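One line per chain: the protein sequences are S and Z, in this order.
Using my numbering, you'd call the opening residue of the first sequence number 1 and step up by one each time.
Using my numbering, you'd call the opening residue of the second sequence number 1 and step up by one each time.
Hints may contain errors.
To be verified - Calculated lysine-lysine pairs in the DSS-like style (CA-CA distance at most 25 Å, straight line):
(1) Z/Lys101 <-> S/Lys402
(2) S/Lys402 <-> Z/Lys76
(3) S/Lys169 <-> S/Lys338
(4) S/Lys402 <-> Z/Lys46
To be verified - Just so you have them, the derived chain S footprint on chain Z, three or more residues with Cβ under 8 Å:
(5) 65-79
(6) 155-162
Because the hints were derived from the structure by calculation, they are not lab data.
Values in this document were obtained by computation on a predicted structure and should not be read as measured data.
Glycine residues also receive a C-beta, built at the ideal position from the N, C-alpha and C atoms.
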Amino acid sequence: MRALWLIGALALLSCTGTIKGPPGTQGGGAGVGGGGATEEPCVETDPTAAPPNDTLSPLRLLRRTSLALRGVPASDAEQAALLAAGDEAAQRLYVEHFVDQTLASPAFYQTMFELARGWFMIPLIPNDADAPEYAPKQQRILEICPAGTDNAGAFVYYRDQLKDCTGVKTTAMVEPWWAPGTMIRLVGSPANPNDGAVCEGRPRGTCGCGPHAVGCWYVKETYPGWAPFISFNPHGQRRLLQEESARLFAHLAWYDRPVTDLVLGDYSVGPVELQAALINTALETGALQLQTDDRWWQPSKFAGVPVDPLHDANDAWAWREYTVSERNPFLLADRSYKYDPRTQNDPVKGVPSAGVLTQIGFMGAYPRERVRAARALETFACEVLSPPNSQDFNPYISDPGKEGPCQNCHRRIDPAAIHFKRFARDGQAFEGWGGLYPIAGVGKWHWPGFEKGMYPFGHVPFTEWNHWYQANTVMTPISQTLKAMNPESIFIDFLPPDQTLLGQTSDGTIGPLGFAKMIVASGAFDRCVVRHLHQQVLGRDIDPALEAGYLDDLTAKFISKNRAIRPFVKTLTQSVSMGRGL
Amino acid sequence: MNRALVLMVLAMACDKASGPAPVLARQSVCGTSATAETKKIYDGLKGECAGCHVAGVRSFFVSLGTFQALLVTDEKLVKPGDPDNSELIKLLEGHGTGVFKQMPIAGLAYADRASAGTAVNGVSMSDVRAWVTNLATQSRDPRPDPNAKVLVRMTGQQAQRTLYQQLGLDNSDFYIKAFEYDVEMAEKKDEDRYPLLGPDEMPAPRQSQTAERFYAIGGGSSTGQIRADSTVSPTYVLTMQQTSQAWCRFALGKTGNTALFSAGSMGTADEATAKTTIRRWGLHFIATQLSDDEVNALYTDLFVPLVADSNAGNAYVGLCSYFIRHPLWVFY
């Protein structure tokens with residue numbers, strides 16, 4: 001009789017998905033490693049196949065859980081506490097509590113950061129000439145006049161000691177952005193005004209550093225330019241920009257935000273030094289109001305803002321949440337900004353910010369639009385871009401998006417790359433100063449005549465634009481006539497209605513945000529996140545071919561938890577798979 | 001009797017779409033299985049499609065199983081009963097609505113190849129359409145692949161950190177402070193200690209051998225643009241063998257180190273001490289409560305011969321490195 005009841009229950013449960021636990025419990029209260037209930041209700045058709053005898057003991061389950069969530073096994077003390085908890089049920093309950101504690105510990109933040117760093121694998125921004133020529137700094141280096149000179153202790157431009165450390169010079173006292181609450185004395189060129197048409201708010205030539213010396217920086221080191229550049233400097237701006245994407249992911253995990261904010265959000269995280277790069281990019285683009293905006297460096301202005309759990313709230317090096325569009329107003333807050341150069345003559349206002357996808361670290365590491373698109377597809381949509389086997393293709397003429405064997409991948413890459421076209425780097429930085437990060441067609445970034453390719457436009461990025469942004473291609477869907485009339489129309493950066501990406505049509509949002517909306521709408525982003533979290537917690541990727549239903553099921557669970565990482569990770573720890581092993 | 005009953009009830013409950021068509025190679029009771037008709041379509045399309053669709057999320061033609069699990073059950077591609085609104089049909093006939101307008105993506109669309117008789121082992125378009133028309137509602141199995149691996153090898157980073165924790169070691173045992181451009185780096189003390197540290201760690205290792213050893217055990221690095229590798233490669237085995245022995249010896253000789261012996265100094269070779277240590281280290285290293293038989297076997301087969309060959313110190317080094325190379329340490 002009991003057997004019949006069991007059979008009936010199995011029949012009801014099979015194919016219905018997860019057995020739900022009491023309302024309000026994450027993962028249905030199934031217990032870590034599937035103890036207490038099962039998340040895999042279906043039953044194999046072959047009843048002669050004995051289930052594998054690989055259920056982990058509570059001790060081994062604790063070890064596995066600890067390694068998955070914080071990277072090291074449980075300590076002797078934790079193991080002793082588990083054994084002291086009582087019988088096996090009590091020990092499994094101990095593991096469940098351990099999961100809750102670990103998810104709430106800074107170690108989990110660190111695990112999420114390291115997971116994302118290895119997953120995104122964004123390289124360091126390359127040097128733009130011989131090391132340490134590094135462009136994003138965009139601030140001019142100061143040094144201190146030595147003792148014995150007329151202006152001893154004052155700050156002058158590097159290499160201007162002979163000129164400005166002696167004699168009577170222009171002087172200005174400022175509270176510098178890098179040392180709030182203190183005053184420094186600028187003498188000579190750094191103390192000059194930097195407004196007006198010549199300076200445009202930048203410290204070029206003999207123009208000054210501007211209010212709070214925002215256009216300049218100072219660090220005591222043996223050779224100017226190396227501190228922000230070297231990869232092993234934890235406070236180096238280049239390293240910070242590389243880490244920003246993974247830090248944002250960990251931040252989203254820590255604060256239970258929807259992971260889609262990773263590519264859809266108008267916020268990110270970064271220490272003061274990182275935010276300086278955005279501020280100076282915006283200043284270079286013409287947002288001069290930022291010279292007096294102290295919200296990014298004045299501690300009293302960012303009190304209470306969420307930071308990472310490894311730093312104090314007021315620490316300048318904390319990974320502090322900031323609103324991207326406030327640091328660079330040309331990275332727009334508008335979540336659906338549209339601009340069609342085929343029908344609009346007014347200048348484009350900017351490009352909507354899009355989490356990782358508009359970070360300097362991401363844009364700067366990948367030099368061109370197609371590389372960015374390919375990496376973004378692989379990283380955030382888990383697309384596989386592999387070459388085709390032998391097949392006859394139409395001849396390649398000028399558009400890899402629809403001609404020749406390259407279209408095997410470029411049919412997907414180019415509709416993505418269209419969104420990444422405006423971001424460029426121009427010029428070389430000298431000791432951190434002089435490199436530019438224009439957003440084509442935005443702010444002051446217009447270059448009359450660039451399309452002719454003549455001096456002064458015979459270098460990157462103009463040569464690449466003139467070579468690759470060809471009219472009537474998938475990536476640049478404009479006519480030759482329009483291109484001739486409006487050369488900047490080549491920067492068209494939304495997907496026209498006759499094209500799709502991952503099966504989605506665009507709502508017309510320009511830039512990387514338009515791309516992000518489509519990978520999210522297609523479901524590819526969610527599935528990709530689920531696969532990587534599964535890899536972290538259960539140690540293996542989900543095979544999208546063999547386990548499509550499993551991936552669908554987990555993705556639905558992930559979305560049902562508002563795409564917050566910690567509740568979903570807890571669900572994974574409660575799966576039957578988690579409880580299997582050696 | 002009971003087995004037959006179970007089978008019958010489960011088949012009724014789950015295999016909603018099998019219909020009258022014979023079922024081939026049932027994948028699971030919880031996802032619709034490929035029918036003979038589906039296999040015929042798969043075999044007919046494979047010749048033209050398998051060239052590209054063998055990797056990633058569109059690896060439809062790796063096997064009949066992936067064809068069924070990935071394509072047939074995806075309503076965006078195949079709408080049972082409605083060939084005109086199935087993207088697969090549109091693609092094959094050359095009027096796709098997505099990024100690709102036809103399949104194969106170059107030359108004649110499949111339908112034209114089939115009409116012309118040039119499709120490799122092709123099936124007719126009318127057959128494909130008929131298959132979609134008669135296809136029952138499909139569903140996917142929501143369970144993980146029962147044959148998927150369940151064991152995970154510790155990553156290089158986990159292995160390094162675990163060794164630090166379990167052996168009572170830290171960076172100060174291997175490195176002194178060094179500065180480059182006023183930035184602190186980890187300068188190795190002695191190569192014979194087998195320093196091993198990821199280049200993304202802070203302070204970062206100054207010598208390349210330190211990072212190379214980390215890479216050898218599968219560690220990854222974003223600054224080095226090297227992905228982590230958790231296979232049990234010969235390089236991993238060799239490096240872990242050397243490192244475990246060197247680090248165990250160092251940890252056992254480290255003054256005041258209570259990680260391996262709570263007294264802070266190495267135990268003696270007497271049987272009681274050795275067996276107590278074996279039992280403790282089983283828990284310490286591999287989270288396993290060893291049975292008396294297992295303790296006795298390790299004492300007799302491993303510890304005693306090592307003492308006889310050399311001394312207690314070497315025996316404890318051998319015992320310690322044995323646990324670090326144990327499958328229960330390597331995997332979780």
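Hint by hint, work out which the structure violates, then give me just those numbers in ascending order. 3
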